[in-house]
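> Modelling step: build the complete structure from the supplied sequences, incorporating the hints.
Residue numbers (UniProt numbering), protein chains in the order written: chain A, 1 to 483; chain B, 1 to 483.
Some clues are possibly wrong.
In silico DSSO-like cross-links for lysine-lysine, where the CA-CA straight-line distance does not exceed 30 Å [unchecked claim]:
| no. | chain 1 | residue 1 | chain 2 | residue 2 |
| --- | --- | --- | --- | --- |
| 1 | A | K188 | B | K205 |
| 2 | A | K443 | B | K202 |
| 3 | B | K464 | A | K443 |
| 4 | B | K236 | A | K205 |
| 5 | B | K464 | A | K391 |
| 6 | B | K98 | A | K205 |
| 7 | B | K205 | A | K70 |
| 8 | A | K401 | B | K464 |
| 9 | B | K285 | A | K205 |
| 10 | A | K236 | B | K464 |
| 11 | A | K19 | B | K361 |
| 12 | A | K311 | A | K285 |
| 13 | A | K391 | B | K19 |
| 14 | A | K464 | B | K285 |
| 15 | A | K202 | B | K443 |
| 16 | A | K188 | B | K285 |
| 17 | B | K285 | B | K391 |
| 18 | B | K19 | B | K161 |
| 19 | A | K98 | B | K236 |
| 20 | B | K236 | A | K70 |
| 21 | A | K464 | B | K19 |
| 22 | B | K246 | A | K457 |
| 23 | A | K464 | B | K391 |
If you're looking for bench data, these hints aren't it; they were derived computationally from the structure.
Protein chains: 2
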Amino acid sequence: MNYDHIFQDAQEAFLQFKKISGKSKAGFLRKIASNIEAEKTTLIPLASSESNLPEGRITGELGRTVGQIKLFADLVEEGSWVEAVIDHANPERTPAPKPDLRRFLTALGPVVVFGASNFPLAFSTAGGDTISALAAGCPVIYKGHPAHPKTSELVGQLISKAVADSGLPFGLFTHIEGGVEEGQELVKHRMAKAVAFTGSYKGGKAIFDLANQREEPIPVFAEMGSVNPIITLENKLGSNIEGLAKSFVSSLTLGAGQFCTNPGLIMVPQIHTDAFCNAVKKEIKEIAAAPMLHEGIAKAYYDSLAKLKSKEELEWLQINSAEDIIKAHPALAKITANDWLEDDLFQEEVFGSFAIVVIYKDSEELLAIARKLQGQLTITLWGEEEELSQKSALINLLEEKCGRLLFKGVPTGVEVGYAMQHGGPYPSTSDSRSTSVGAYAIKRFARPIAFQDMPEKLLPDALKESNPLGIWRMIDGELNNRY
Amino acid sequence: MNYDHIFQDAQEAFLQFKKISGKSKAGFLRKIASNIEAEKTTLIPLASSESNLPEGRITGELGRTVGQIKLFADLVEEGSWVEAVIDHANPERTPAPKPDLRRFLTALGPVVVFGASNFPLAFSTAGGDTISALAAGCPVIYKGHPAHPKTSELVGQLISKAVADSGLPFGLFTHIEGGVEEGQELVKHRMAKAVAFTGSYKGGKAIFDLANQREEPIPVFAEMGSVNPIITLENKLGSNIEGLAKSFVSSLTLGAGQFCTNPGLIMVPQIHTDAFCNAVKKEIKEIAAAPMLHEGIAKAYYDSLAKLKSKEELEWLQINSAEDIIKAHPALAKITANDWLEDDLFQEEVFGSFAIVVIYKDSEELLAIARKLQGQLTITLWGEEEELSQKSALINLLEEKCGRLLFKGVPTGVEVGYAMQHGGPYPSTSDSRSTSVGAYAIKRFARPIAFQDMPEKLLPDALKESNPLGIWRMIDGELNNRY
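Right, here's the structure in full:
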């Protein structure tokens, strides 16, 4: 496979695209959104049939995909995301005169994006990674996920149509089909400047290593999933065991458990062991076996369970053998905190509707669990306000282990807004300093550049003295949006 | 070497330190600054004798070091650097209620900092890396540079004194002596969360690779130097050949050429070849041999020149053999753009006062040079405004190759302020998305965390509804500093 032409076209498109106004960029992004909306009666059944996800779920996902695009369109149209900073000159300063310095964020260059199997729309072709890279000013070379080739190709065409209709160079977006080998070639290509990926730890880590072994290493933003523990405190759980068991099971089994944020661990105080386990067992029995995204994923799910079944520390609360090659039953096991602390296997993600209930004796054991936890996308802490106020040491530790800490509700259902952080410490992502959901996902694909004593006429609009864009800027240490 | 205790102390200090107010943090940083100022009559001669840098230069560097610390103190006292973002709940939203989400930057954890040989104060023990990490809330395990052990140790004591006098845990700062092996152990330690380094490409790359091969890879912010090309355009150079030759030579030879930003390449239009070369030769003859930082550096300088001398494409304008084991003469060679384009060796950094004058024929050749350039900390473009206005394609390309683009003056002399970007594309740094000088250096050592539906009482002050810190925050998509 030789991708030279594709990257050369992308590089050419880049030099042109990075100079267009935020307003034009927003117009282009909104065209992608309206192209997708216009094709929704085709896209929804297509994505549903390729992913085995129900049409209702795909309908929601399409809405989310369009909403994301509009958020980034608004962001680049408003323009302040470039973090413009101006330090004025002072020719009188001694011992040396102070130069005029202006800094803002500029796009990285061509970016390789990998599609995710579990979100054929929102984390795939026109998903958050592609759109935030385009919003930043980066051309995208997109490798579709082989699990939904037709959906991927159709959305790719809708993006390319928006590129053409906006009078932009076609190299701005390229859709590539392929498997592991093609993906590796893209990551290794000398003109690639960053990679975005959502998927398994194994896949993300392989890409991360490859990118770092290049002659010019490039950043990899890999969201690799996690087990998203829910920690329950005594009074809160005791106040509503059945309701909370229901919330937990419904989050665990949503979409056959195929969400990055589905909770695969729940910590329960010893005193509530039986009541909670009974409630959960009752809830989980109601959940029918659900088709997974593809056969490989269903097989991996049952293989992981088989591996865990050999562990005698686990007591199984619910387990069924595979019914057919694609459908999977939810499964649940119980373990003491003492045993859980002994083996990292018990916090490895099992992609699907499986969770471990960890029974803890006291606050000390809970702190030990918190210390042992690996990096997570999310941690949820269910406690009454009064309980929580005595848990500052626990909360302090939990902050170190996640990107998002919840005090109500369940971790599935990731808001797309300004305050979302979807990215936690390793191994949940390869870069805890970034988010792959929400407005600030755009920052992954930009870097600061400073201009020293640049003539006013040459300055980009964001840095011109008159602030023609009316954006927020840090001027001589003070934030303002004067113009 | 077993650093477990040091990292455990650092981790304990971290959990306490990250919760203290910006005001207290600022007070602590200012204590470090005043401790350094109080010892300046000891520090200046000591650092000068250990580095062979003249006392005048060290005096300036001490002022810069203290100024940097005060900048970070002001930054954390003001507090808006944490990028607080609030998206309010909307319980009425359909189909699902919207949760309350609040996001800000939190410190990464214990950070390993390496001292630089060429700035015994400003990029060493209490230099920009240490101070920006502390300002972010990260404990620092600092490995002193063996070239200035006594300076390093003394400054380390001044920091530890500030830690103690501020009632902070001693694990917040640890000074370690050692060489390569000790450095490797620190980078590999499982409790280290990031690394900052300023030095050679070889050293930075080794640390980068080591950090990425860890079980938990960690970010490395390595500033690895560059050749900082100056590109001269015909009219501008023609208007003042002697003056510009003088500026160039003085920047090249400042501090025996031992700055990350000293210009090791200058592009000259063919028409001015003789006049410029004569002017430069005249200037450079006036420069006496100067002592380098240590014998190893002087030897490496002459070794690099010896390697280049075998290249017949180079015409030597100035070259002297080594006078003694520590002093070095400036050296200068000339090459045609055509030959320069053929070999990457001609853009490898030679640490010291050496530069190559590249003679280009026309705009096409200049664009070819720009395309060929590796990532640089800085690029300087000297042109008349009218010439520059015809060079948008060149400027567009140059932006891709550097972190700071200058239009006047010389690249040495890096301002410490808000708008500085000291960090360019690889290989000048390992992460072009970061800066190691200026206020935003603090961002390297922090990551976002989001709190979902956190009870008001538990929220950090930066995220409390009432905005008790009076900081700038993004609230429901609008920036404001109401309180």
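> Evaluate each hint against the coordinates.
Going down the list of hints, with the structure as the test:
1. Restraint check for A/K188 and B/K205: satisfied, since their Cα atoms lie roughly 18 Å apart, inside the 30 Å limit.
2. Proximity of A/K443 to B/K202 is assessed by CA-CA distance (about 29 Å); at most 30 Å being required, the pair is judged to hold.
3. Between B/K464 and A/K443 the alpha-carbon distance is near 25 Å, which keeps this suggested pair within the 30 Å criterion.
4. Note on B/K236 and A/K205: the hinted pairing is violated, with a Cα-Cα distance of about 51 Å set against a maximum of 30 Å.
5. Between the alpha carbons of B/K464 and A/K391 the distance comes to roughly 19 Å, so the proposed pair stays at or under 30 Å and holds.
6. Taken as a hint, the B/K98 and A/K205 pair is broken in the structure, with Cα atoms around 33 Å apart against an allowance of 30 Å.
7. Taking the CA atoms of B/K205 and A/K70, the gap is near 40 Å; set against the 30 Å cutoff, the hint is violated.
8. Restraint check for A/K401 and B/K464: satisfied, since their Cα atoms lie roughly 22 Å apart, inside the 30 Å limit.
9. Taking the CA atoms of B/K285 and A/K205, the gap is about 55 Å. The hint is violated against a cut of 30 Å.
10. At most 30 Å may separate the alpha-carbon atoms for a hinted pair to count; A/K236 and B/K464 meet this at roughly 23 Å.
11. A hinted pair counts as satisfied when its Cα atoms are at most 30 Å apart, and A/K19 with B/K361 qualifies at roughly 28 Å.
12. For a cut-off of 30 Å, the pair hint linking A/K311 to A/K285 stands: about 23 Å separates their Cα positions.
13. Among the hinted pairs, A/K391 with B/K19 is consistent with the structure: their alpha-carbon atoms are about 15 Å apart, no more than 30 Å.
14. For the hint pairing A/K464 with B/K285, the CA-to-CA distance comes to about 42 Å; that exceeds 30 Å, so the pair is violated.
15. At roughly 29 Å between alpha-carbon atoms, A/K202 and B/K443 fall within 30 Å of each other, so this suggested pair holds.
16. Taking the CA atoms of A/K188 and B/K285, the gap is about 47 Å. The hint is violated against a cut of 30 Å.
17. For the given pair, B/K285 sits about 34 Å from B/K391 by alpha-carbon distance, which is inconsistent with the 30 Å threshold.
18. Only pairs whose Cα atoms come within 30 Å are accepted, and B/K19 paired with B/K161 is accepted, the gap being roughly 21 Å.
19. As the CA atoms of A/K98 and B/K236 are separated by approximately 22 Å, the hinted pair is consistent with the 30 Å bound.
20. For the suggested pair B/K236 and A/K70, the alpha carbons sit about 46 Å apart, so the restraint of at most 30 Å is broken.
21. Distance restraint check for A/K464 and B/K19: the Cα-Cα separation of roughly 39 Å exceeds the 30 Å cut-off, and the hinted pair is therefore not satisfied.
22. A distance of roughly 28 Å separates the Cα atoms of B/K246 and A/K457; the hinted pair therefore holds under the 30 Å criterion.
23. Restraint check for A/K464 and B/K391: the C-alpha separation of about 19 Å stays at or below 30 Å, so the hint holds.
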